[in-house]
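Asks: Each chain, letter by letter, is given below.
Number of protein chains: 2
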Amino acid sequence: MEPQIPPPRRGPKPKPHIRENLLRIGARMLHESGYTATGIKDIVDAAEVPKGSFYNYFESKEAFGREAVDFYFNQGLTELNALLGNEDIPPLERLRHYFAERTLRFQTQGYVRGCMLGNLSLEVADQIAPIRDQLAEHFQTWGTLMENCIADAQRSGAITNPLPAPVLARFLLNSWEGALLRMKVDKSDAPLTEFHEVVFGALLV
Amino acid sequence: MEPQIPPPRRGPKPKPHIRENLLRIGARMLHESGYTATGIKDIVDAAEVPKGSFYNYFESKEAFGREAVDFYFNQGLTELNALLGNEDIPPLERLRHYFAERTLRFQTQGYVRGCMLGNLSLEVADQIAPIRDQLAEHFQTWGTLMENCIADAQRSGAITNPLPAPVLARFLLNSWEGALLRMKVDKSDAPLTEFHEVVFGALLV
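Top line first, the protein sequences correspond to chains A and B.
In terms of numbering that gives the first Met the number 0, the first sequence opens at residue 0 and continues consecutively.
In terms of numbering that gives the first Met the number 0, the second sequence opens at residue 0 and continues consecutively.
Okay, chain A solo, but in the shape it has when bound:
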């Protein structure tokens, strides 16, 4: 058998590690500074690749933004699954532990950045439908993990609040995003510790 000869290419071959590097660096910049404030030039400069090569990997800034949202969420998803899906721990404790973990992280970081999904939701959800769709999908996935914990805890009697688990889970996630918003403004952990106090003292009881 003859070796297969690939067809001639135009321009340099896209390299997966450059693509991943652009996403990692760019997602961090979008998270820190926002979508509009982060230019393609900022991203390629930080990644040390020529500006033109950006378009070997991404069709547009919007396409990049959509993939950066996925990159960010998928990065956190492993930890999210490990904490919320850990069946060795009772479901209500998993939720408690998850929010305590996140609170500790923000205390360490000094109450900056918050959640990239939340930040982009308020910045571009009205303007960029493809990014909005990704945000909606990830919020849905995230909320379902919380819903499973709440439903299990309701079945075991650890939570007696009779409201439907999907409603409580969506409220919980949205309220957490609101707590992070206020944390960024007040530069304090009070919104997060008060979230804990109200949720585990009066809501998931």
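To be clear, the hints were calculated from the coordinates, so they are not data collected in a lab.
You may find that some hints are simply not true.
Identical copies carry no separate label here, and so any pair may be met within one copy or between two of them.
[As the list claims (entries may be wrong)] The calculated lysine-lysine pairs, modelled on DSSO-like cross-linking and capped at a C-alpha distance of 30 Å, are:
#1 14 x 40
#2 50 x 40
#3 50 x 186
#4 60 x 40
#5 12 x 60
#6 14 x 186
Chain A is already provided as a structure; the job is to place chain B on it using the hints.
Replies: Leaving out everything else, chain B in the frame of chain A:
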């Protein structure tokens, strides 16, 4: 007595109605499109004044942003006081009515824009301290109005939840901001109606 003669001025005299017009139009643009996406040129073009004259009224875009935040909040404050401070209605009913009113507004508008305070919180709280300070102050004022309702309802026994009224009020406001965030992403009133369901079904009870 001689009439007082004002000292000679350089440049055209600032006109209060132009200043107010820049704030009204600019606040709307910041609310719709965000801080970074709204340029000074966009604002002066929309207000139909020459670009240079912007600086007769505002020292910088940051100074403008700070005042636009005040303008937006003060515009809503009259309605906020009328609804949450109306002593003819029991305090828990005032809160219920307030959130129902706001939900209706967003249903009419098609789930866009959300709350300008929330939007700017996530976009610029880490970058622009003077705007962040104004946001923090207005959230504080807003939350205190809710706190008064909650404390009154606790005194009358309409709310038996024993958590401190300031904690419940801040949680309520932050959760409302989170519900608005999710509304913008999902383009649905579900986050607002579920907020209502959880808050008045399980929290302020």
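Asks: Can you tell me if residue 14 and residue 40 fall within 30 Å by alpha carbon in one copy, between copies, both or neither?
Replies: within (19 Å within a copy, 40 Å between copies)
Asks: Go through the copies and call it for residue 60 and residue 40: within, between, both or neither, with a Cα cutoff of 30 Å.
Replies: This pair counts as both: shortest intra-copy Cα distance 11 Å, inter-copy 23 Å.
Asks: Quick one: residue 50 to residue 186, C-alpha cut-off 30 Å, is that within a copy, between copies, both, or neither?
Replies: For residue 50 and residue 186, the Cα distance exceeds 30 Å both inside one copy (36 Å) and across copies (35 Å).
Asks: Go through the copies and call it for residue 12 and residue 60: within, between, both or neither, with a Cα cutoff of 30 Å.
Replies: within (20 Å within a copy, 43 Å between copies)
Asks: I want to check one pair: residue 14 and residue 186. Are their C-alpha atoms no more than 30 Å apart within a copy, between two copies, both, or neither?
Replies: neither (40 Å within a copy, 37 Å between copies)
Asks: From the Cα coordinates, with 30 Å as the cut-off, is the pair residue 50 and residue 40 best called within, between, both, or neither?
Replies: both (6 Å within a copy, 27 Å between copies)
When held up to the earlier numbered hints, the structure conflicts with 3 and 6 and fits the remainder.
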